[in-house]
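**Student:** Below, each chain spelled out in residue letters.
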Amino acid sequence: MGAFAYLAPTNVEQALSQLAAEDAAGNRAQMLAGGTDVLVQMRSTDKGPRTFVDVKHIAEANEVRVGDDDVFVGAGIASAVLNENDELKALLPGLVEAADLIGSTQIQGRATIGGNLCNSSPAGDTIPALIACGAVCVVASPDGAKKVPTEDFVTGVGTNVLKPTELLVGFQIPRPKGRTADAYLRFIPRTEMDIAVCGAGVALTLDDDGTCTAAKVAIGAVAVTALPVPEAAVALVGTKVDDAALQAAAAAASALAKPITDKRGTVEYRKKVVGVLTRRAGAIARDRAAAR
Amino acid sequence: MSKVHVSTTINGDVVEFLCEPQQSLLDVLRDELALTGTKEGCATGDCGACSVLANDRLVCSCLMLGVEADGQEITTIEGIASPDGLHVIQQKYLEHAALQCGICTPGFIVATKALLDKNPNPDETTIRYWLAGNLCRCTGYDKIVRAVQASAEELAYEA
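So the protein sequences, as listed, match chains A and B. For the first sequence, the numbering used here gives the first residue as 1, with consecutive numbering after it. For the second sequence, the numbering used here gives the first residue as 293, with consecutive numbering after it.
It is possible that part of the hints are untrue.
[As the list claims (entries may be wrong)] A few chain A residues that face chain B, going by a derived Cβ cut-off under 7 angstroms, partial list only:
#: 1; residue: Tyr6
#: 2; residue: Leu7
#: 3; residue: Pro9
#: 4; residue: Val40
#: 5; residue: Ala59
#: 6; residue: Asn62
#: 7; residue: Ser104
#: 8; residue: Thr105
#: 9; residue: Gln106
#: 10; residue: Ile107
#: 11; residue: Gly109
#: 12; residue: Arg110
#: 13; residue: Phe187
#: 14; residue: Glu192
#: 15; residue: Met193
[As the list claims (entries may be wrong)] One-sided and incomplete, this derived list gives chain A residues near chain B with beta-carbon spacing under 7 angstroms:
#: 16; residue: Gly35
#: 17; residue: Thr36
#: 18; residue: Val267
#: 19; residue: Tyr269
Just so you know, the hints here were simulated from the structure itself, not pulled from any lab data. Note that beta-carbon positions come from the ideal geometry of N, C-alpha and C, so glycine has one too.
Produce the entire structure from the sequences given, and follow the hints as far as they go.
**Tutor:** What follows is the structure, encoded as structure tokens:
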């Protein structure tokens, strides 16, 4: 106990046995993806020794698989790599743009969606986008694979459902069918390189007439965890996603938001802006779906 | 605490080193390998002074562990110039006075190389967004942007 170590398993089975061994030995194991949060925390707020278990050599966590029904995105893939995947970008533009919003070119070269979720910040940009597109977290555990809806993964500020012997392998996302599309927007006072004041992800499906048949809305940085907004989805389904419907969805998002006042914004401001973002992201998702 | 043996390639040379598991690549480069061209600014991934290429991907070496370099190809500022002289990008930074104190410059030059390798003809907006993770408190950035544009022109002319 009391030492740092580094392990680089090449498959999930090996990672699980290493995590179990570290746990049994009383060592703290920490999964390492891009390290853009983990290494900063190691030098500031969380300096204790640990065994890093690198997710980036685990084959299953570094795959993108586009199937007929599902898209699988590995937890260990850097945002820049996702952003260069034209097929993924075309299928899930909202998710890719959320990943693309995080940090600089340098950060993009390392940061991952899996790491963003496991860091479990209330302001993690990819979390509302994952919830909106219906992503299910594929968790490897000693008891076998578990599937956890993204909205149930984060349990508080910096905490989540993962046990020390488990790891996040990736995300299983329903392949957008027909006229289905997603979008994510966040607000920051700068043009880039900042942490969300608030964010909103919307995914929706239109029928041939342009009527919305399914919708999912999620908001971020306005509560302890990212929140699904089922009332906003209800406000969109059955409509042409016109201004009135988008306003109703915005009102539902503002009503559900439970933000705090801090240096990034006040409660009143965040509640208002998260509604605006919901409305605008809804319009973008609608236009993308209509173009399909 | 046991050190880890790492085999990597740095600026084309096969390099082996021992490092602590928690030691950053930046600290390994500077303290173990005497490659002090790469600078430490913030050590939190905000300033880009420590930018290097890892398998041709631009990263902050402060946010990468030394052990993660195992099997990778790392390029630092020391690998940009050739034995014949400065790289075009370095020459253009000089000509355009795109540096003052110089601490940010190695990171900017590595980042510029990564940009022009990927996109030989970037517009100004692309340049500014690409370099947003490199902070300079001296120049006001304009001269840097001009140097990048001049580098792109010169490299296109040479090609």
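**Student:** Taking the earlier hints as the rules, which of them does this structure contradict?
**Tutor:** Hints 2, 3, 5, 6, 13, 18 and 19 are the ones this structure does not satisfy, whereas the remaining hints hold.
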